[in-house]
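J.: Sequence:
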Amino acid sequence: MREGKEVHCSVIKHGFGMNDFVQSSLVAMYSRNGEMSSSEMVFGLDGFRRMVGSGIQPNMVSLVSILPACAVLNLLSLGEMIHGYGIKLGVDSDVSFANTLISTYGKCSADGNGENVNRARSLFDRMIVREMVSWNAMIAVYEQNKFGSDAKKLFRRMLSENVDFDYITLVSVISACAQSWDYNNGDWARHLVTSKGLQNSLSITNALIDMYAKCGCIDLARDVFARLLERTVVSWTAMIYACAVNGHGRDALENVKREGKTK
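Residue numbers (the UniProt record's numbering): 1 to 263.
Each hint should be verified, as a subset may be incorrect.
[As the list claims (entries may be wrong)] Simulated pairs of lysine to aspartate or glutamate, EDC-like, Cα-Cα distance not exceeding 16 Å:
no.: 1; residue 1: K196; residue 2: D164
no.: 2; residue 1: K146; residue 2: E115
no.: 3; residue 1: K153; residue 2: D182
no.: 4; residue 1: K196; residue 2: D166
no.: 5; residue 1: K88; residue 2: D125
no.: 6; residue 1: K146; residue 2: D182
[Stated by the list, open to error] Here are the in silico distance ranges between beta carbons for each label pair:
no.: 7; residue 1: G114; residue 2: Y167; range: 36 to 44 Å
no.: 8; residue 1: S54; residue 2: S160; range: 22 to 30 Å
no.: 9; residue 1: G53; residue 2: T194; range: 47 to 55 Å
no.: 10; residue 1: Q57; residue 2: R157; range: 32 to 40 Å
no.: 11; residue 1: I128; residue 2: N200; range: 30 to 38 Å
no.: 12; residue 1: V234; residue 2: G114; range: 22 to 30 Å
no.: 13; residue 1: H248; residue 2: M51; range: 52 to 60 Å
no.: 14; residue 1: G55; residue 2: Q199; range: 49 to 57 Å
no.: 15; residue 1: E115; residue 2: I56; range: 27 to 35 Å
no.: 16; residue 1: N200; residue 2: R50; range: 43 to 51 Å
no.: 17; residue 1: K146; residue 2: V234; range: 19 to 27 Å
no.: 18; residue 1: S180; residue 2: D223; range: 19 to 27 Å
These are computed hints drawn from the structure, not numbers from a lab. From the three backbone atoms N, C-alpha and C, an ideal C-beta is built for every residue, glycine too.
Kindly produce the complete structure, drawing on both the sequences and the hints.
T.: Written out as structure tokens, the structure reads:
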């Protein structure tokens, strides 16, 4: 699928996205690989291009709906064009538009120098009203682009401003701690998980296991795993990885066997 998406990006960048045969081939590719949402993006992007090409002015709803496709397909230039439309329409300060644009710039930050991360942060700082989703989007941008210290710093500011947080926030923060082997802040985040009553969230527990594994705290990773009410493939994989990277190869193999028996 990675190669297929690269072809899709190339198709759009070279102006072949409106070709009926190309569209049908792309939809077939995504459908056969169980990615119907991606096949829907083919029509979404095409519809947007046709609308603009026919002289119809897009509204905020159409701009917000097309930005996720730009993010998934790494179409930075199209995202920038939509940003420009937003400014022209005077909706660039709208919370939903800004939130989606922040995520888009973050996911298109393959430049390696953090330029688009800075653009996302500039958008965040200019927001007059910030919802929890706004904070989550910016923290996720930092975490996804390996700016772990910035993610943690922004989360602390979020707390200091008494903004509520959810499991999405904590998954990003815990993952940021894992990147820098930051056990202290990771353990602090676990206490926040408990205080928030989110200890049964699979996304959070999987992130905690991964974080403890990377920090060399195999016993704490086991403790989190043992408390799981439900174990998915991701949970087992995280625990197997935790054992393997911490010199517990036999335990890793045993977990592989146990996972096989649960299927």
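J.: Now, for every hint given, state plainly whether the structure supports it.
T.: Each hint tested on the structure:
1. K196 with D164: 10 Å, holds
2. K146 with E115: Cα-Cα ~13 Å, so holds.
3. K153 with D182: Roughly 13 Å separates the two Cα atoms, so the pair holds.
4. K196 with D166: Roughly 8 Å between the alpha carbons, so the hint for K196 and D166 holds.
5. K88 with D125: 20 Å, violated
6. K146 with D182: 13 Å, holds
7. G114 with Y167: 36 to 44 Å: The hint (36 to 44 Å, Cβ to Cβ) is violated, given that G114 and Y167 are roughly 27 Å apart.
8. S54 with S160: 22 to 30 Å: 49 Å, violated
9. G53 with T194: 47 to 55 Å: 54 Å, holds
10. Q57 with R157: 32 to 40 Å: Since Q57 and R157 have Cβ atoms about 37 Å apart, the given range 32 to 40 Å holds.
11. I128 with N200: 30 to 38 Å: The hint (30 to 38 Å, Cβ to Cβ) holds, given that I128 and N200 are roughly 36 Å apart.
12. V234 with G114: 22 to 30 Å: Since V234 and G114 have Cβ atoms about 29 Å apart, the given range 22 to 30 Å holds.
13. H248 with M51: 52 to 60 Å: For M51 against H248, whose Cβ atoms are near 57 Å apart, the range 52 to 60 Å holds.
14. G55 with Q199: 49 to 57 Å: 54 Å, holds
15. E115 with I56: 27 to 35 Å: At 32 Å between Cβs, range holds.
16. N200 with R50: 43 to 51 Å: 46 Å, holds
17. K146 with V234: 19 to 27 Å: 21 Å, holds
18. S180 with D223: 19 to 27 Å: 22 Å, holds
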